[in-house]
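Using the hints provided, position chain B relative to the given structure of chain A.
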Amino acid sequence: MYKDQTISTPGKPLGKALLYTLPMFLITFMFLTGGRPDFTDTTQTVALLTTFMGMNLLYFLMHFTGKTDRYRAVIFIIFALSLSFTLIKNMVEIRNSMSFSQADIVECKIPFCHLVIPMMIIPAAFTKSIIFPGTIIGGFADISSMVVLWLIATLVLGRGFCSWGCFYGGWDDGFSRFRKRPALRKISDSWKWMPFAVLLMVALTAALTLIPTYCDWMCPFKAVTEFEQVTNLESGVKAGVFISLFGGLVVALPVMSRKRTQCSFLCPLGAVNTVSNKVTPFTIKIDKTACNECYKCVEVCPLFALTPDDVKRGKASVFCSKCGKCVDACTKKAIHFGIKGVPAGTMKGFSRNLFLFVSFLFIAVFSSGSIMFTVRSLLNLIF
Amino acid sequence: MKRIGKIAGITWAFAGLILIIILFPGLNGFSRALAKMPFMKINPNYTGGEIAFSDSLPGYKFEIRKPVFDGLWKERTHGFVQLDWRGDFPEKISDTIDFDRDGCNDFRVTIDTKTPETDIEPLHNKVGSLNVSTSTSYGWTLRVNISK
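Sequence lines, in order, name chains A and B. Residues in the first sequence are numbered consecutively from 345, following the working numbering. Residues in the second sequence are numbered consecutively from 8, following the working numbering.
So that you can see chain A by itself, here it is in the shape it has in the complex (with noise of 0.2 Å):
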């Protein structure tokens, strides 16, 4: 039985950790000022060194360290929690409410994000239009930018994406390491087939109504960021949906079993990128000939991405999200990550060093408006 002991996976030593650091650190630099840094409003500074130093502090982490999913695992949860915070205190200075108006609707000022995609491809293609109340450029989380965004992170990523740049799924992945031990082990690993039930659910269900009903019924998210107002019994009944499906899939069921169940069982996207997850370059390997069958890596996987049948077939299945957990978990450094067409037990530190790279910065550039937006407004708040 899989204990969460401190099991050493040795890193690089300082120097060369630095030096692979140094790329990171001068394109976020480049990327989080915009190539003009200006440092005439000290709280604005101060919020954007604090996450600079951070992140590239995290990436250097890794690479000392050896470890991924420790060091990911923050940055993930803190975009997931500033991202709320960044859209509910909007919503609170515009509106003095996380509900959305009738008004917000018919002017079509909804934020977008990418839970919606999967469901206005079939309208898009028919109606030639897209079914969701938002702007299609400008404007916050703007359709366009959000679906460029996705598109070319799943592409690259896979379902990487739900490790690496999702900003739901750090509330499952946070609530899921409260506990060291799980208290509820028995889950079928059929249930990872849900998301496509339910993808088939939407899509089909969008197309007949033209309404983003995931959205409209299902997201558990819309506990965290906005949802209808409350005026009568069916937004009564969708708001208690959302409350009930963040309450049992968000918060109670990780906590008890150490397992992202809305990413596993609910997400319709994570569906779709699991699918991407053919295309894209990178992936997880087993090296057989160093594996002892231990399946810790099975044990800790909290995606269901993992069978005793993958570690002997030597890779991991479409559902992995690459967050690296069974990576840090494997004693024999049997499991690493990989470019697929190199062979399983080859080229591991290049395949997880450009890997690293590759998603880090997504993750680093694509949190850094909420992060700072978040360490400013605290800031403000303090002091």
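It is possible that part of the hints are untrue.
Derived pair list, reagent style DSS-like, types lysine-lysine, alpha-carbon separation capped at 27 Å [unchecked claim]: (1) B:13 with A:656; (2) B:9 with A:453; (3) B:73 with A:656; (4) B:73 with A:632; (5) B:73 with A:684; (6) B:9 with A:677.
Simulated from the structure, these hints should not be mistaken for lab results. What you are looking at is a predicted structure, and each value in this text was computed from that prediction instead of being measured.
Relative to chain A, chain B alone:
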């Protein structure tokens, strides 16, 4: 064959690296290019449809939009029509509407924008119930359910 696979894999991985590096500086340009695609417009069920008729009155503008019956591949039998009052509109709106401009009044609307109580009196059997009546950043919007 294995060597070709290996080279292809590494090449694709480096292409991924380049894609992520150019993603953020190029996001504005990529988004604008995507926004120009023919399907990148908001469905009339959300926008309220195109403006069919507008009338400028002292201090405000009144607009009637084209009825929206949009379905997935064909028009639905049930839809809505949207009316907008823009600018400094009266506190109490009372009007008789002929939304399809056929010379016959379709419904009578009374709105007290302070309360905001809204009454719809159908004058034709194609007019149904009230869908939305709300203040907006530009004035007031009314949506009334209609059928063909």
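Against the structure, the hints come out as follows:
no.: 1; hint: B:13 with A:656; result: holds, 22 Å
no.: 2; hint: B:9 with A:453; result: violated, 52 Å
no.: 3; hint: B:73 with A:656; result: violated, 62 Å
no.: 4; hint: B:73 with A:632; result: violated, 65 Å
no.: 5; hint: B:73 with A:684; result: violated, 53 Å
no.: 6; hint: B:9 with A:677; result: holds, 24 Å
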